[in-house]
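Student: Each chain, written out:
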Amino acid sequence: MYNIIVGGGKVGYFLARGLLDQGHEVLIVERDPAKCEMLTEEFGSVVLQGDGCETAVLDEAGAARAENFISVTGDDEVNLVACQVAKHLFHVPRAIARINNPKNEPIFLKIGIDFTVSSTNVILEHIEEELPAYPLVHLLRLLDGTAYGIVEVKVPLGAQVVGRRLRDLRLPHPSQVLLIVKRGGMPTVPAPDTMLEADDDLVALTSPETAEQLRAVLTDGATRS
Amino acid sequence: MNAIIMGCSRTGSILAGLLASEGHQVTVLDMNPNAFRLLPPNFGGVVVVGNGIDEDVLRRAGIEQADAFAAVTQNENQNIMAAQIARHRFNVQRVVCRIHDPSREQLYESLGLRTINPARVGAQLVHEALLREPATAQAEPPRSG
Chain A
7 MYNIIVGGGK VGYFLARGLL DQGHEVLIVE RDPAKCEMLT EEFGSVVLQG
57 DGCETAVLDE AGAARAENFI SVTGDDEVNL VACQVAKHLF HVPRAIARIN
107 NPKNEPIFLK IGIDFTVSST NVILEHIEEE LPAYPLVHLL RLLDGTAYGI
157 VEVKVPLGAQ VVGRRLRDLR LPHPSQVLLI VKRGGMPTVP APDTMLEADD
207 DLVALTSPET AEQLRAVLTD GATRS
Chain B
69 MNAIIMGCSR TGSILAGLLA SEGHQVTVLD MNPNAFRLLP PNFGGVVVVG
119 NGIDEDVLRR AGIEQADAFA AVTQNENQNI MAAQIARHRF NVQRVVCRIH
169 DPSREQLYES LGLRTINPAR VGAQLVHEAL LREPATAQAE PPRSG
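These protein sequence lines are chains A and B, in that order. Here the first sequence is numbered in my numbering, starting from 7 and rising by one per residue. Here the second sequence is numbered in my numbering, starting from 69 and rising by one per residue.
Hint data in this document are derived by calculation from the structure and do not stem from the laboratory. Treat the hints loosely; a few may be bogus.
Unchecked claim - Between beta-carbon pairs, the in silico distance windows are:
no. : chain 1 : residue 1 : chain 2 : residue 2 : range
1   : B       : G190      : A       : K116      : 26 to 36 Å
2   : A       : L175      : B       : E132      : 28 to 38 Å
3   : A       : N107      : B       : S171      : 46 to 56 Å
A virtual CB, placed ideally from N, CA and C, is assigned to each residue, including glycine.
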């Protein structure tokens, strides 16, 4: 499988190493000659010095036969343009863009970059998981372009929903409780008359727009810890 | 017309002056506050400091009410990204984007952006000037001394 990586910084470096270790063919396109030299020293001749947005450079890189085109520079505009050039001029089947500013995610999807990885969001999500008091944790983003995701919300002590049945809750649309993990770690598939208790962990499907409302419904009334 | 110009370069500042002098409402956007010095002294428009690939900066510049958006910074990729945000996210009807690279110019024309390639336009003007018939009474070159 031939993979072109644009950007030889930290992300590009580790991505290349992972792919090479798995036996895949890799080419790194990097503008900075000094970085190119360092990468060549480490990986051998899998580095092309040049601007990954330039048609001539991508032509030389053999973009037309690449299966994956992954642009991971620190500049969102570079990642956007590189992926668009790869997709539209070289018909690369899969173009993946790193997004540094999470605000840019909707526009990338809207103008047809199929796969995006928001490095800032990924880091934030991992930090959220480590903060026990944080009421909503993003577990997974579904990658099919619908922008749905799976989140986890803990029902805090004193929340209005404690002691109420699932069917009596006014959950925002679209959102769906998939699983309830009771205190002690026992997972339950929720039924309409499942009663919520304090410290229940709810795993739910939701959209970015409704995630905050879902959190509010499940945590309102709680005494802030 | 309500126009936003991203990039107060030579092109951006001249363009802003032109539109403002015709009575259009003009907002000029640049990351560098010193760039606005290039604007004509009597410029009657608004200036906003910030990067036009940031949606919030564009909102601050009034993109939701804009009829036209011109991306003329020195950074080609920023022009392309901002122009697409203006066109596809804020639905601005007239969007013009400066692109130097001919192959990318073609690509983004085909993706629905109006693009201007200064090198090509410049070359065309020089080409026309070279081929123009010399004026009948040609001026003598100035003599020194």
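Student: If I claimed the Cβ atoms of A:L175 and B:E132 lie 28 to 38 Å apart, would that claim hold in this structure?
Tutor: holds, 36 Å
Student: Is the gap between the beta carbons of A:N107 and B:S171 within 46 to 56 Å?
Tutor: With a Cβ separation near 27 Å, A:N107 and B:S171 fall outside 46 to 56 Å, so the hint is violated.
Student: Starting from the range 26 to 36 Å, see whether the pair B:G190 and A:K116 falls in it by beta-carbon distance.
Tutor: This hint holds: roughly 34 Å between Cβ atoms.
In summary, the one numbered hint that this structure violates is 3.
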